[in-house]
Amino acid sequence: MPDKQPLVSVNNLKKYFNVGKNLTLKAVDDVTFDIYPGETLGLVGESGCGKSTLGRTLIRLYHATDGEIWYDGMNLTKDLTSRESFQFTRRAQMIFQDPYASLNQRMKVMDIIAEGIDAHHLAADKKEREEMVVELLQTVGLQREHANRYPHEFSGGQRQRIGIARALAVNPDFVIADEPISALDVSIQAQIVNLLQDLQEKRGLTYLFIAHDLSMIKHISDRVGVMYLGSLVELTTADELFTNSLHPYTQALLSAIPLADPNLEKSRKRIVLQGSLPSPINLGSGCRFASRCPQMMEICKEVSPELIEVSPAHFVACHLADR
Amino acid sequence: MGKILQVENLHVEIKTELGRIQAVRGVSFDLDKKETVAIVGESGSGKTITVKSVMQLLPSTGSITEGSVRLEGKELTTLSEKEMLKIRGSDISMIFQDPMTSLNPTMTIGNQIIEVLKNHRKDLSRDEMKRRAIEIIDLVGISNPETRFKQYPHQLSGGMRQRIIIAIALACDPKVLIADEPTTALDVTIQAQILDLMKELQEKINTSIIIITHNLGVVANIADRVYVMYGGKIVENGSVEDIFYHPQHPYTKGLLAAVPKLHEKTDKLFTILGTPPDLTDPPKGCPFAARCSYTLKVCRQYPPSFTPFGNHHESACWLHDPRAKRMINEVRNAG
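Chains as they are written, first to last, in my numbering: chain A, 1 to 323; chain B, 1001 to 1335.
Careful: at least some of the hints might be erroneous.
[Claimed, not checked] Below are the DSSO-like pairs computed for lysine-lysine, each with C-alpha atoms no more than 27 angstroms apart in a straight line:
id: 1; chain 1: A; residue 1: Lys266; chain 2: B; residue 2: Lys1261
id: 2; chain 1: B; residue 1: Lys1199; chain 2: B; residue 2: Lys1265
id: 3; chain 1: A; residue 1: Lys108; chain 2: A; residue 2: Lys126
id: 4; chain 1: A; residue 1: Lys202; chain 2: B; residue 2: Lys1265
id: 5; chain 1: A; residue 1: Lys266; chain 2: B; residue 2: Lys1204
id: 6; chain 1: B; residue 1: Lys1033; chain 2: A; residue 2: Lys266
id: 7; chain 1: A; residue 1: Lys269; chain 2: B; residue 2: Lys1122
id: 8; chain 1: A; residue 1: Lys202; chain 2: B; residue 2: Lys1261
id: 9; chain 1: B; residue 1: Lys1130; chain 2: B; residue 2: Lys1150
id: 10; chain 1: B; residue 1: Lys1204; chain 2: B; residue 2: Lys1086
id: 11; chain 1: A; residue 1: Lys269; chain 2: B; residue 2: Lys1204
id: 12; chain 1: A; residue 1: Lys266; chain 2: B; residue 2: Lys1265
id: 13; chain 1: B; residue 1: Lys1175; chain 2: B; residue 2: Lys1033
id: 14; chain 1: A; residue 1: Lys269; chain 2: B; residue 2: Lys1261
id: 15; chain 1: B; residue 1: Lys1052; chain 2: B; residue 2: Lys1118
id: 16; chain 1: B; residue 1: Lys1122; chain 2: B; residue 2: Lys1082
id: 17; chain 1: B; residue 1: Lys1268; chain 2: A; residue 2: Lys202
id: 18; chain 1: B; residue 1: Lys1265; chain 2: B; residue 2: Lys1297
id: 19; chain 1: B; residue 1: Lys1034; chain 2: A; residue 2: Lys266
id: 20; chain 1: B; residue 1: Lys1130; chain 2: B; residue 2: Lys1175
id: 21; chain 1: B; residue 1: Lys1034; chain 2: B; residue 2: Lys1003
id: 22; chain 1: B; residue 1: Lys1175; chain 2: A; residue 2: Lys266
id: 23; chain 1: B; residue 1: Lys1297; chain 2: B; residue 2: Lys1284
id: 24; chain 1: B; residue 1: Lys1034; chain 2: B; residue 2: Lys1086
id: 25; chain 1: A; residue 1: Lys4; chain 2: B; residue 2: Lys1265
id: 26; chain 1: A; residue 1: Lys269; chain 2: B; residue 2: Lys1265
id: 27; chain 1: A; residue 1: Lys266; chain 2: B; residue 2: Lys1003
id: 28; chain 1: B; residue 1: Lys1015; chain 2: B; residue 2: Lys1284
id: 29; chain 1: B; residue 1: Lys1297; chain 2: B; residue 2: Lys1003
id: 30; chain 1: B; residue 1: Lys1130; chain 2: A; residue 2: Lys266
id: 31; chain 1: A; residue 1: Lys269; chain 2: B; residue 2: Lys1284
id: 32; chain 1: B; residue 1: Lys1015; chain 2: A; residue 2: Lys266
id: 33; chain 1: B; residue 1: Lys1003; chain 2: B; residue 2: Lys1130
id: 34; chain 1: B; residue 1: Lys1150; chain 2: B; residue 2: Lys1204
id: 35; chain 1: A; residue 1: Lys108; chain 2: A; residue 2: Lys78
Keep in mind the hints are simulated off the structure, nothing from the lab.
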């Protein structure tokens, strides 16, 4: 894939939040990666690692503090004209985590889905608008009669389908899905994941799929990035990450996933991380994982490791790999 | 013998604006000493209501309409609230899903543990209670217990709060610990710590555990036996090995197939079509009939009874009936 031109190119992206007197929360700190057209890049990490902030910065819901985001030749981090900015909203869309909170309760499904169509004048008249909405509903596995109902009349899985239809209404190339299935039941999760995969095949979509469920990330992603406390610690293909992970954090994370296999669960060796995530406010120098790393060295406390390509398409930010 | 908890033919109804929800419809299960039993099911399957009935903690709109709950042979459903207060927290404890909301934000950690001791261990002096509280904080793996004793919940991380909740639940060495989605709100690395902690404490204080979860990985990690619930009923139960390696009920099979495997590559996940039944008007027959790929006519008409599969493994499905098997064979041969 790397011989293709990336669709999204993120260079040294930083997003800091001011959280009071001289306190800075470095939610995303110096992150660099590319997303290629047609691929699914999975982003994993525990809560507070900055994965959602990264997604929201990419889609310009947050202003980047520093660094660059290139989208198909357009620099998103410089001040876009309102026209450019508006056009970007047609090319990139987002699917949110909570299907209960992300749909306006007072609007009918028809109007929720048609919001983008109206804003971009994609329908010539009322009839065409209705046809487009019905087609979108059918694409995501709902029916014509659902258009005239309100969000509260639907189950969680159905609402997530509405959220997907809403995102697809403007025919985007790039979709950021921020934990799209974590609020859903197991049997419904599989339905939504299959739907997202079908849509990708049919429409040639590019996904940034943010989740904390590693089994699901492996299933859906071509490549996976692992985040820890605002930095990208490892980035490689899904198969490589799950068979040959190099960063101690990735290894610990993988060993912590409970697997639906009792014998395996009893026999496997866990790397148990001590303590919990340190506060991302006013971090010192050095590797961010040093305080919990089972293989910490002297250098880790002082120098923050860079993300380097240790083998083709396998990037790691760790002093252990840098030798 | 040795059964610590026995629930038989439990029926629970909840009144809502939309009508009476028959949340639990004839659930029976038991729990041995030192055993960990998992109740698995999707939201709305009735698993939380089932254990809340055991604790007699149903909302005021809910009531047990039939069935019995016995703790070491003692019937709990007929006890008064006052008698139940003595049992809750000392004989049976419960930990809830959300570590952010189940602690009192205005009380120190120490006082919240002492509160339980005050109710159930009146023999202890104030100093002994404090010592015991610090001992328990230490037991659940939190460093500097003396400092933590004086702190408030907001000063702790999510994982630590869940440890404190476990500490409170275990303060009186309960015979049964009920854990309702104890790790759902936590990150995977913290989840692994909490599961290890629960197993370790079970060894130390010989408690039996009922864990409710929808995460099959958690079940595989911690449970000895599993009950699978769907539409207010138990559809299959057996040892954790039976359920994961030899599932019999189509719903159990579907649930297992819907989870992506880490070590296998599959193109498409198996899905169970449709959504769970509406329990204000529950289906007459098998609760899963509307979503099952093998539905027979009989499935919609009559609820199936349990068919045994070896040792303590049973599944409620019409397909196990010899008549259904004969019919399927006939259809196959004809086709």
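Exercise. Taking each numbered hint in turn, which are not upheld by the structure, reported in ascending numerical order?
Worked result: 2, 7, 18, 29, 30, 31, 32, 33, 35
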